[in-house]
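*Asks:* Residue strings, one per chain:
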Amino acid sequence: MTETISDWPAPAPGAAPLPRMVMAQAGLELRTLLRNGEQLLLTLIIPVLLLVVFSSEALISIGRGSRIGFLAPGILALAVMSTSFTSLAIGTAFERRYGVLKRLGATPLSRTGLIAAKAVTVGVVEAGQVVVIVGVSLALGWQPRISGLSVGSALALLVLGSAAFSGLAMLMAGTLRAEATLAAANLVYLVLLGIGGVVFPLTKFPAAMRPVLRSLPSGAMSDGLRSVLRYGGGLPGRDLLVLALWAIAGIGIAARTFRWE
Amino acid sequence: MCPVAPSQEHESPCVRFPHRLANVSTPPAVEITGLVKTYGRTTAVAGLSLLAERGQVTAVLGPNGAGKTTTVETCEGYRRPDGGTVRVLGLDPIRDARALRPRVGVMLQSGGVPTSARAGDYLRVLSRFYARPVDPGLLLDRLGLAESARTPFRRLSGGQQQRLSLAAAIVGRPDLVFLDEPTAGLDPQARHATWDLIAALRESGTTVILTTHYLEEAERLADRVVIIDHGKLVIEGTPAELTGTVGQLRFRAEPGLDTASLLAALPPGSVAKESPAGAYLIELTGGVDPQIVATVTAWCADQGVLAQSLRIESRTLEDVFLELTGRELRS
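In order, the protein sequences belong to chains A and B. Numbering (the numbering used here) for the first sequence: 992 to 1252. Numbering (the numbering used here) for the second sequence: 32 to 362.
By construction, these hints were calculated from the structure, which means they are not laboratory data. In this text, all values refer to a predicted model and were calculated from it rather than measured experimentally. One or more of the hints may lead you astray.
[As the list claims (entries may be wrong)] Under the rule of at most 20 Å between Cα atoms (straight-line distance), these lysine to any residue pairs were calculated in the SDA-like manner:
(1) A:K1093 x B:D127
(2) A:K1093 x B:R111
(3) B:K263 x B:R72
(4) A:K1195 x A:Y1222
(5) A:K1093 x A:L1009
(6) A:K1093 x B:K263
(7) A:K1093 x B:R155
(8) A:K1093 x A:A1245
(9) A:K1093 x B:P133
(10) B:K263 x B:N95
(11) A:K1093 x B:L341
(12) B:K263 x B:H244
(13) B:K263 x B:F282
(14) A:K1093 x B:P94
(15) A:K1093 x B:T100
(16) B:K304 x B:L293
(17) A:K1093 x B:S141
(18) A:K1195 x A:L1207
(19) A:K1093 x B:R185
(20) A:K1093 x B:Y109
(21) A:K1093 x A:T1248
(22) A:K1093 x B:D123
(23) A:K1195 x A:V1182
(24) B:K263 x B:R129
(25) A:K1093 x B:G142
(26) A:K1093 x B:I125
(27) B:K263 x B:A291
(28) A:K1093 x B:R129
(29) A:K1093 x B:A130
(30) B:K304 x B:L341
(31) A:K1093 x B:A128
(32) B:K304 x B:A325
(33) B:K304 x B:F282
(34) B:K304 x B:I343
(35) B:K304 x B:S292
(36) B:K263 x B:R118
(37) A:K1093 x B:Y70
(38) B:K304 x B:S340
(39) A:K1093 x A:L1207
(40) A:K1093 x B:Q140
Please put together the full structure from these sequences, using the hints given.
*Replies:* Shown next, in the form of structure tokens:
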């Protein structure tokens, strides 16, 4: 053993400023995420692959209009879902299982600080996803309707959708066993990929089901994004309201039920 | 300035370091009064009271299931007492958690580190949570982890994981650290490095509360030893107080000697045992002196037997521990 420190310095305890703690923790989470191959597959490779495959082949019937114009908003919704729901739920569940959350509870980083760090991590990953997906979509000939209202509405949908899915992810991770969360989060991802208006238009489902599907966070997000980016529609009030209600309910219940150990 | 004292030098003047005189009115590091903690129908801690002074190393010993971890985790604010009070640095571990967290370092018995985080990255990030941390690189080096800095936590050996957890507990220069079995599963080199570090922490004025199964560790490091069993305090004191002045004299001779006449010649309170046959153990409450050795050998000569392998020993903490907590195995 080396004797680099011949003596230990006297105690000098003190917490760092909250922003420094949050950024340090978010940095660790981001680096861990980026080194994890499965996470990269989920957050980037699958959405881009779906975008390329479904836009080039006549695999699905999307009705009138450009194929990429239909797909790009749906894939953006899928990307948000993969990060703020599947990836966040699985990551947090295993952190809970391995005592990482318990150990963090003994550091000066408060629970609020930890949640802020996770929000920063999710936000940074999603920003990267949006850049890549928009870039690939434009390369595939996407011509979105650009206006202050459409871009603003799209950003609001992405942020509120992210909040809604994050709340549901934390609800799952904080109550179920890690293995159960792993299975359930992947299953929900697949189901919502099918019925969330991501690659299959909601108009293909029976009329009775459509209001239900549009009231799920995935349906509301893809529907809202499509209405502003594809059709240049006005403020998607109903979809924003649906997402806000999911966010309030999900985060509220998660905050009450989350078990840190 | 005291050198980093060899940890066994309990009588060294360096142990009475100036920080202990600094402020008489500061509350003790840990003060537990009548702590009760139950899990369903199981009582983990049943009315435990104990006191740990600042600037000292206090070792909490006890068989598996004695309530050590529950007690420590209550001090760390992880468990809410069902009865009694717990004060850490004079504060309530749950109500005053915000004030305590920067001042208290915690090493859990296992885990707590994200499995895919790299050792160096993890420690550097944790150090960023504190206002005046030690250099994480130097700390890794001191604990022999410098070469594993880029290794993900799950690929570290068990001993390396333990040392990283220890580093994480002390990187923020806390007033008080709780170490739950810090040397469990370590090889001798790593164990000695950990002991040196704990001794250095004490020299610096850091209070250390550690749980351990290694009685040698407690004997070497601790200013005070607390033995708990069945959720209650069994005994506490300095290692010297606990092992006491009891001396032991062992020898081998032919089996079945009548030791009553020997005991009559020895100070009152002495005990003679023969176990197994032919192995004699004489325990003397006042210790062994040359006169006692002469008495024993003279008695052997009277009996016409030769005392073989005659040894004089003092009790170890392990003897005390087994005496007080019994020899039956715990779950």
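*Asks:* Tell me if the straight-line CA distance from K1093 (chain A) to R111 (chain B) falls inside 20 Å.
*Replies:* holds (15 Å)
*Asks:* Take a quick look at whether K1093 (chain A) and R155 (chain B) sit within 20 Å of each other, Cα to Cα.
*Replies:* This hinted pair holds, its Cα atoms lying about 19 Å apart.
*Asks:* Below or equal to 20 Å on CA atoms is what counts here, so check K1093 (chain A) against A128 (chain B).
*Replies:* holds (14 Å)
*Asks:* Given the hinted pair K1093 (chain A) and P94 (chain B), is their alpha-carbon gap at most 20 Å?
*Replies:* violated (25 Å)
*Asks:* Mind checking the alpha carbons of K1093 (chain A) and Q140 (chain B) for me, to see if they're no more than 20 Å apart?
*Replies:* This hinted pair holds, its Cα atoms lying about 12 Å apart.
*Asks:* Has the given pair, K1093 (chain A) with T100 (chain B), been kept, meaning a C-alpha gap of at most 20 Å?
*Replies:* holds (14 Å)
*Asks:* Between the alpha carbons of K1093 (chain A) and D127 (chain B), is the straight-line distance 20 Å or under?
*Replies:* holds (17 Å)
*Asks:* Just to be careful, I want the Cα atoms of K263 (chain B) and R118 (chain B) compared with a cutoff of 20 Å; is the pair within it?
*Replies:* Since the Cα atoms of K263 (chain B) and R118 (chain B) sit roughly 18 Å apart, the hinted pair holds (cutoff 20 Å).
*Asks:* Taking 20 Å as the top limit, are the C-alpha atoms of K304 (chain B) and F282 (chain B) close enough?
*Replies:* The given pair, whose Cα atoms are some 11 Å apart, holds under the 20 Å limit.
*Asks:* For K1093 (chain A) and L1207 (chain A), compute the direct alpha-carbon distance and say whether it is at most 20 Å.
*Replies:* Distance ~33 Å between K1093 (chain A) and L1207 (chain A) Cα, so the pair is violated.
*Asks:* So if I understand the rule, the pair passes when the alpha-carbon distance is 20 Å or less; does K1195 (chain A) with L1207 (chain A) pass?
*Replies:* Roughly 16 Å separates the two Cα atoms, so the pair holds.
*Asks:* CA of K304 (chain B) to CA of L341 (chain B), is that 20 Å or under?
*Replies:* holds (15 Å)
The structure fails hints 6, 11, 13, 14, 24, 27, 39 (numbered hints given earlier, in ascending order).
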